[in-house]
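J.: Okay, so the sequence shown: first residue is 19 according to our numbering, each after it adds one.
Where hints are given, some of them may not hold.
[Said to hold, decoys possible] So the derived label-pair ranges between C-beta atoms look like this:
1) 86 x 203: 30 to 40 Å
2) 21 x 186: 24 to 34 Å
3) 254 x 192: 35 to 45 Å
4) 241 x 21: 21 to 31 Å
5) 145 x 21: 34 to 44 Å
6) 182 x 121: 32 to 42 Å
7) 145 x 115: 16 to 26 Å
8) 244 x 121: 27 to 37 Å
9) 79 x 202: 48 to 58 Å
10) 243 x 21: 43 to 53 Å
11) 145 x 241: 22 to 32 Å
Just so you know, these hints were derived from the structure itself, not from any lab. Every residue gets a Cβ at the ideal spot worked out from N, C-alpha and C, and that includes glycine.
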Amino acid sequence: MRTRPWVSLFSGGKDSSWALYRALEADHPVERLVTVHPTGDSYMYHVPATDLAELAAESVGIPLVSVRPGDFGADDVADASAQGDAELEPLEAALGDLAADLGGIGGVTAGAVESTFQTDRIRAMCDRLDAELFAPLWRRDPRELADAMLDAGFEIMIVQVAAAGLDESWLGRTLDADALADLEALNDRYGVHVLGEGGEFETLVVDAPHMERRIELEYETEWDGTRGRLRIGDAWLE
Numbered sequence: 019m020r021t022r023p024w025v026s027l028f029s030g031g032k033d034s035s036w037a038l039y040r041a042l043e044a045d046h047p048v049e050r051l052v053t054v055h056p057t058g059d060s061y062m063y064h065v066p067a068t069d070l071a072e073l074a075a076e077s078v079g080i081p082l083v084s085v086r087p088g089d090f091g092a093d094d095v096a097d098a099s100a101q102g103d104a105e106l107e108p109l110e111a112a113l114g115d116l117a118a119d120l121g122g123i124g125g126v127t128a129g130a131v132e133s134t135f136q137t138d139r140i141r142a143m144c145d146r147l148d149a150e151l152f153a154p155l156w157r158r159d160p161r162e163l164a165d166a167m168l169d170a171g172f173e174i175m176i177v178q179v180a181a182a183g184l185d186e187s188w189l190g191r192t193l194d195a196d197a198l199a200d201l202e203a204l205n206d207r208y209g210v211h212v213l214g215e216g217g218e219f220e221t222l223v224v225d226a227p228h229m230e231r232r233i234e235l236e237y238e239t240e241w242d243g244t245r246g247r248l249r250i251g252d253a254w255l256e
């Protein structure tokens with residue numbers, strides 16, 4: 019009997035990339051990457067630079083399916099819980115279509131670290147799809163996870179910041195040992211999460227062992243005095 023294929027929820031950021039990497043290490047048969055592209059702020063998904071997930075998928079060598087659910091703004095739903103449920107619907111519909119195309123889905127990878135808001139919804143979705151949830155970052159120590167990513171050879175770029183203590187100099191910075199030491203100091207002073215789990219910063223993995231080619235970027239920084247992001251002018255595979 020053929021093993022049912024897996025799909026990996028994938029933004030191109032460090033957490034979803036690590037979940038994919040660990041799934042491949044464990045020989046899970048990941049046959050599709052699925053990227054959600056919100057057009058506004060999101061409770062469920064990584065938002066900045068998701069279009070670069072297509073380049074990352076090409077480098078990894080796994081076909082990518084894009085889901086564009088539209089803008090779920092504060093005026094669209096009654097509260098955060100309702101918004102999270104609404105944001106999940108197009109993803110679940112897309113996975114249902116994939117399950118029909120692939121003959122079922124055996125498992126889904128997710129990069130959640132501490133967010134029960136996200137993980138409870140994804141776990142319930144997997145139950146409805148009769149799929150295993152693979153969440154290798156869940157409830158792990160943030161610094162140990164970051165060290166494991168660096169030890170494995172992940173090159174991680176910070177593409178957006180939105181927290182006290184994170185100024186414009188962090189935009190485009192590589193998340194290396196020095197950056198992690200600075201983040202731990204900011205955690206002590208301001209409560210900044212070392213992995214940015216609270217939305218303090220967002221990342222892009224530009225190179226890793228499971229990627230055949232490195233992502234190169236041309237960009238400018240946008241900074242409004244309290245938060246900022248990279249505005250990507252061009253991106254390509256090395």
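J.: All hints are to be evaluated individually against the structure, with a verdict given for each.
T.: Hints, one by one, checked against the model:
1. Checked against the hint of 30 to 40 Å, the C-beta distance between residue 86 and residue 203 comes to roughly 39 Å, which is consistent with it.
2. Checked against the hint of 24 to 34 Å, the C-beta distance between residue 21 and residue 186 comes to roughly 48 Å, which is inconsistent with it.
3. Between residue 254 and residue 192 the beta carbon distance is about 19 Å. The supplied range of 35 to 45 Å is therefore violated.
4. Restraint check, residue 241 to residue 21: a C-beta distance of roughly 48 Å breaks the suggested window 21 to 31 Å.
5. With their beta carbons about 20 Å apart, residue 145 and residue 21 fall outside the hinted range of 34 to 44 Å.
6. Distance hint check for residue 182 and residue 121: the Cβ-Cβ separation is about 49 Å, which falls outside the suggested range of 32 to 42 Å.
7. In this structure, residue 145 and residue 115 meet the distance hint of 16 to 26 Å, their C-beta atoms being roughly 18 Å apart.
8. About 49 Å separates the C-beta atoms of residue 244 and residue 121, a value inconsistent with the hinted range of 27 to 37 Å.
9. The hint said 48 to 58 Å for the Cβ distance between residue 79 and residue 202, and at roughly 35 Å that hint is violated.
10. Look at residue 243 against residue 21: about 52 Å separates their beta carbons, and that is inside 43 to 53 Å.
11. Look at residue 145 against residue 241: about 43 Å separates their beta carbons, and that is not inside 22 to 32 Å.
Against the hints set out earlier in the document, violations occur for numbers 2, 3, 4, 5, 6, 8, 9, 11.
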